[in-house]
Amino acid sequence: MPKYEIKDLVEWDKRIREKAKEFGLDCFPQEFEICDHSQMLGYMAYSGMPSHYPHWSYGKSYEKLKTLYDHGVSGLPYEMVINSNPAIAYLMRDNTLLLQVLTIAHVYGHNDFFKNNFTYRTTRAGLTIETFKAHAMRVRRYIEDPSIGLEKIERVLDAAHALEWQCRRNLAIRKIDRKEQIDRAVEAARPPEDPFKKIHARPEYKEPDLHKVPLEPDEDVLLFIRDHNPYLAEWEKDLLTIVDEEAKYFLPMMETKIMNEGWASYWHHRILESLDLDQGLHLEFIVRHNQVVRPIPGQINPYHLGFKLWQDIHRRWTNPTREEIERDGPPNKSGEEKIFEVREVERDASFIRRYLTEELMREMDLFEYEQRGDEYVVSKVSDEDGWRKVKETLIKSVGANSMPIIKVEDADFGQSRTLYLKHQHDGRDLHLEYAEKTMSYLQRLWGREVVLETSLDGKRSLLCSNDRGFSVRTLR
Amino acid sequence: MDTIFREYRPSDAERSDRSAGDRLRHRQKVRESIRENIADIIAEESIIGKDRDRVIKVPLRGIKEYRFVFGDNAAGAGQGEGETQEGQVVGKAGQQPGKGDDMAGDRPGVDYYETEVTLEELIEIMFEDLELPNLERRALREVISERSSRRKGYRHVGIRVRLDKRRTAKQRVMRMLASGRGPRQMAEAAALEGNVADERRFPFHKDDLRYKHIEIDTREESNAVVICVMDTSGSMDTMKKYLARSFFFLLYQFVSTRYRNVEIVFIAHHTEAREVTEEEFFHKGESGGTFISSGYQKALEIIAERYHPSLWNVYAFHCSDGDNFESDNPAALKAAEELAKLCNLFGYGEIKPLGSRYYESSMLNVFRRIQSPNFHTVLIERKEDIWPSFKAFLAKERVQE
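One line per chain: the protein sequences are X and E, in this order.
Heads up: the first sequence begins at 1 in our numbering, then just goes up one per residue.
Heads up: the second sequence begins at 1 in our numbering, then just goes up one per residue.
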């Protein structure tokens with residue numbers, strides 16, 4: 001049985017909140033729910049959502065989590081918090097008092113981050129729970145509809161899930177609509193203003209093709225299909241909308257994993273240090289904290305990297321070394337101001353690009369590895385020559401950067417309603433087996449042939465999926 | 001605004017198994033996927049010769065969640081323990097470098113693509129949709145083996161020892177109340193009329209009697225014996241034995257699903273035959289030449305001694321590489337014909353790993369002369385052949401009578 005009472009937690013929570021306020025954290029109202037391990041597994045399988053539409057993949061994810069947990073391969077998180085207003089967090093019942101206190105402080109870190117980081121502005125935190133519930137109800141209604149049923153729903157959902165991350169990465173950038181795109185195309189086609197046009201020959205005017213769909217490459221693959229496949233039923237369109245909305249809700253979390261976990265760890269550390277814990281609790285705190293933010297050899301622990309970075313930023317703007325002043329100039333604001341500014345305006349990729357220094361990389365011994373034969377071999381380490389490359393690779397592997405960017409180029413390729421997509425190749429080839437299966441999902445949703453242009457082993461290639469199956473063609 | 005704490009309530013926890021439906025659906029999909037890939041799974045070495053309760057890992061297709069991901073030439077970043085050098089090996093492909101849980105599901109290989117099923121379950125799936133003729137067991141070979149009795153309702157008649165006193169008494173009370181002579185009714189009547197009822201006595205009637213009814217359950221025991229005959233001469237190498245073993249394994253598992261009592265006999269032969277234990281059967285190599293007839297004779301002997309065909313369904317299978325001494329062929333043919341008469345199903349599997357069949361002699365031609373419809377020969381060249389040939393073999397089973 002837990003060695004604490006709810007009233008202890010309420011008491012600690014009050015103290016923590018006072019501290020958080022003092023430090024300048026700005027949070028949504030908070031709700032905590034105490035749950036046991038099976039409830040926690042349940043929440044984890046559904047990304048923490050109290051209600052969510054059914055799909056077998058969540059059953060799979062539950063089984064996987066449970067197996068790992070039962071076999072002691074991985075423990076359960078101490079908490080789970082979802083981005084909503086009020087923020088909802090689940091605390092594990094079997095945690096010790098200290099763990100609960102640490103977790104509560106940690107949760108306020110996340111809460112502040114959700115409320116203030118720019119990437120979360122599009123998530124409509126106040127409506128989170130209701131939105132997910134509405135999605136669940138809609139999907140359940142389709143399943144119960146005798147003219148639709150589970151099988152058909154799964155066919156669409158399986159395909160949609162495969163493509164859910166093929167969407168815009170930075171939701172803070174407004175997507176321009178077709179009308180604006182037309183204006184842009186017309187503008188671009190106009191020849192540049194020539195002060196000597198009286199004596200120059202008139203430049204040839206090439207009329208822009210305004211009938212092309214899409215006018216500009218479109219990254220929202222699911223939405224594009226929804227809007228341009230006339231054979232989709234209303235419920236199918238609705239499913240695509242639902243999957244797209246959920247992906248876009250979770251995208252910011254993916255995009256700020258390192259910042260967010262680092263920020264929460266940074267604040268639970270500072271808050272607990274300021275709470276005057278008695279010696280026993282303080283010792284346990286040090287142990288637990290170090291467990292959370294420990295480096296994991298061979299991998300990147302987002303808690304560790306994030307925590308290190310926030311500490312380093314705070315130090316560099318509070319107490320810079322002489323070399324740093326020589327290199328970067330004296331700090332223009334206090335460490336405190338700086339970290340609050342950074343937590344608002346960055347996401348993982350930019351956070352690492354701007355604030356991960358060569359010194360810190362060397363201290364953390366970051367390296368780049370690649371596959372050679374059937375082994376992973378270190379290809380670059382953070383020394384004078386290699387650190388830029390290592391950093392570049394790290395940035396490529398965080399958040400949505402770890403997934404290929406694929407855009408719809410043409411919905412009527414070869415005048416046969418073939419969907420033409422293009423992979424923005426950045427040196428990393430697609431995994432062919434996965435591409436093949438995903439293409440067949442794409443074809444299922446589009447209803448006609450789909451073609452993906454990519455590059456394989458340095459050669460431009462076309463992957464085609466149509467009724468005759470999957471084929472790879474190399475272009476010259 | 002104040003923070004809200006919601007306390008743990010066990011009742012909520014009990015109700016909160018909300019992934020149950022999705023888990024069920026996932027299990028169904030796993031099953032479907034196993035069924036689709038059964039031939040590949042059978043060919044896997046790991047399932048052969050395991051216990052039925054044993055949990056085995058089965059690779060799955062179709063249940064992976066595919067999306068566009070990067071392939072092998074995408075570099076990754078990691079953290080070292082200090083002093084990491086270029087060229088240092090940090091992990092094996094297919095696993096994350098280092099150890100511990102996965103970073104994100106963005107790489108192939110970290111996806112979970114194996115599932116665990118018990119062998120029992122797998123076999124069930126395996127034979128579930130094998131389209132086989134209905135196997136009617138020979139009536140004669142069913143022996144009543146078990147007599148168990150269980151209660152089934154109540155009757156008005158029966159023998160005294162099965163009288164249910166409680167029910168009988170209840171019936172009497174019911175009849176008493178129905179006839180208006182219950183204690184309260186009698187008291188009321190007495191109060192009204194003043195006369196003391198002399199008829200307090202209300203005896204049992206024959207209709208009150210209730211007897212327990214007992215039904216005797218007889219179960220027919222059906223016996224089967226699987227006789228595995230294998231050539232263990234010098235030319236049978238490990239690969240050939242492995243193929244043979246897979247086939248025997250399937251046959252045994254299959255027969256076990258159909259019969260209650262299944263015995264298995266191992267006969268190893270080169271120029272002479274011996275009955276051996278399973279261990280010896282598969283692992284002990286012998287050398288020397290081959291007299292296939294010796295194995296068949298031994299099988300006939302054992303059948304005559306212990307497994308009389310009127311009580312046992314006999315399944316015999318012989319695996320060899322077909323490298324028999326010429327002089328033994330007529331004897332082998334004769335013995336095989338005899339064996340075919342006694343067995344439900346008798347099969348000969350010639351194991352010729354690819355390429356070897358052109359320069360080695362074969363028994364397939366010799367056995368072609370056997371007319372018996374329950375005799376069947378198969379040629380196994382590689383492990384992928386096992387499942388198809390097994391199916392073909394079983395299709396031959398017929399009911400003798």
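By construction, these hints were calculated from the structure, which means they are not laboratory data.
Among the clues, some could well be false.
Where chain X lies over chain E, by a calculated footprint (3+ residues, C-beta under 8 Å) [said to hold, decoys possible]:
#1 3-12
#2 65-71
#3 168-176
Note that this is a predicted model, so its numbers are computed, not measured.
Just so it is clear, CB atoms sit at the ideal spot from N, CA and C, and this is done for glycine as well.
Do the hints match the structure? See the list:
no., hint, result
1, 3-12, "holds (count 7)"
2, 65-71, "holds (count 7)"
3, 168-176, "violated (count 0)"
Checked against the numbered hints given earlier, the structure breaks only hint 3 and satisfies all the rest.
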